[in-house]
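Model the full assembly from the supplied sequences, consistent with the hints where possible.
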Amino acid sequence: MIWCILIVGILLPQSLAHPGFFTSIGQMTDLIHTEKDLVTSLKDYIKAEENKLEQIKKWAEKLDRLTSTATKDPEGFVGHPVNAFKLMKRLNTEWSELENLILKDMSDGFISNLTIQRQYFPNDEDQVGAAKALLRLQDTYNLDTDTISKGNLPGVKLKSFLTAEDCFELGKVAYTEADYYHTELWMEQALRQLDEGEVSTIDKVSVLDYLSYAVYQQGDLDKALLLTKKLLELDPEHQRANGNLKYFEYIMANEKDANKSASDDQSDQKTTPKKKGMAVDYLPERQKYEMLCRGEGIKMTPRRQKKLFCRYHDGNRNPKFILAPAKQEDEWDKPRIIRFHDIISDAEIEIVKDLAKPRLRRATISNPITGDLETVHYRISKSAWLSGYENPVVSRINMRIQDLTGLDVSTAEELQVANYGVGGQYEPHFDFARKDEPDAFRELGTGNRIATWLFYMSDVSAGGATVFPEVGASVWPKKGTAVFWYNLFASGEGDYSTRHAACPVLVGNKWVSNKWLHERGQEFRRPCTLSELE
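Going letter by letter, the sequence shown gives residues -17 to -1, 1 to 517 in mature numbering (1 follows the signal peptide of the UniProt record, and there is no 0).
These aren't lab readings, by the way, just hints derived from the structure by calculation. Check each hint, because a few of them may be wrong.
[Claimed, not checked] Only pairs whose alpha carbons sit at most 30 angstroms apart, straight line, appear in this in silico BS3-like list of lysine-lysine:
(1) K282 x K462
(2) K19 x K336
(3) K69 x K87
(4) K41 x K55
(5) K87 x K26
(6) K229 x K206
(7) K40 x K26
(8) K282 x K317
(9) K282 x K271
(10) K290 x K461
(11) K303 x K336
(12) K303 x K462
(13) K69 x K55
(14) K418 x K317
(15) K69 x K35
(16) K133 x K271
(17) K213 x K133
(18) K40 x K72
Here it is in structure tokens:
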């Protein structure tokens, strides 16, 4: 970390920018097996080295006894013809063999395996992405750094702790993004753990170096000065800190002079900017969205709740569901969100997941201007597309959606399977194309997305809800269920209350699959109405 200070300003630590990252539990489980294989290989290497050292030790003990005897009476010892022969043999042959044994590299097997497996290792981008996921979860679920560091998360089966070095690395990731709010939080956590006596490879000087600058960047000059003095107590010769100290004192002196010369009504105003906290967000409904993710959403009135029912649904007398009707539950009234229970079996889920896993790629969205598919920072998951013709299970699932919704799936998009790992999310968005996005689905030639069908293919230990910020609805994942809603009114106008989001997965693994049904083919299945909002 290199940043220097001049009387005219501060140069910040050098950093590298990293592109976006997503997490996939499927890939992470593969990494667990890879690491296990490497540990086995490492143990084999250690055993080989131990065997080698054991052989050398036996040589040393044998020769130690022999030379101890020989040095007591060297002439008498070599006077024995057998001893003389064995001495020549040892020095000419056996010591060379010992030399070869010592020089023998036992690490070849381990290094070879490591080299092969390294191609599957995460890179710097992946590590930064995992760190950003933690910061995202921290904000969404109102978690303090100490809670995360101690692993006190809801639904966890195996606790895991963050070391002071881990906290320091999280702070550095935030720093490289100019996110001084999180830099301060995590550097303070690292400092607390060091103050509590934790043994670490990092020192307080390094932590205070970042912390003081992050605090200064947020406008808290007094605290920045205090932290800098604390750093200099530990390292009086720290060049950057000495420069910062002079600069901070220079600014404070100027502010003091300015306040003195100001009029009485202005004397209370300080030139030091207020502490900014988190940066201004690009997402207007961020607060409402995160509250819903935490289960703190709007509670429906009893009067509205009385209008929500559970029922058996036979798909309008569809022969497939007359004897075994589907179980329906109203989740919300406006927009109407319906959950189907026990609508996909565990066996079908596993087949769909197995088909999707080899094809999982970073999820994309349709660019509203160009219509092209592209990755974005607000959708963090992996997805794959499955066609009905490639497997009878996928075809059967598609027909089930058609039978239960009454909508034609022949014009629908392929079944999309998505895996959200820890921190995986899809921030608030619309499934349908708005009027300012006329080219969004032009290539498909099937009109707008009239409805969404979403299968939940796993339970989630914590987090991962589907939320509708406009109306305050939260739908929680439950394996084997599916939810359905219309994105468009019967008139074809978009229903803006269907703006929704996939909350970050706090603990666990989230598998979903969805079907986007389009307007074409629904003309007689869902006739248009005269009112725009019906």
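Status of the hints after comparison with the structure:
no. : hint        : result
1   : K282 x K462 : holds, 24 angstroms
2   : K19 x K336  : holds, 24 angstroms
3   : K69 x K87   : holds, 25 angstroms
4   : K41 x K55   : holds, 22 angstroms
5   : K87 x K26   : holds, 18 angstroms
6   : K229 x K206 : holds, 15 angstroms
7   : K40 x K26   : holds, 20 angstroms
8   : K282 x K317 : holds, 14 angstroms
9   : K282 x K271 : holds, 13 angstroms
10  : K290 x K461 : holds, 23 angstroms
11  : K303 x K336 : holds, 25 angstroms
12  : K303 x K462 : holds, 22 angstroms
13  : K69 x K55   : holds, 18 angstroms
14  : K418 x K317 : holds, 22 angstroms
15  : K69 x K35   : holds, 24 angstroms
16  : K133 x K271 : holds, 28 angstroms
17  : K213 x K133 : holds, 26 angstroms
18  : K40 x K72   : holds, 20 angstroms
When the structure is compared with the earlier hints, no violation turns up for any of them.
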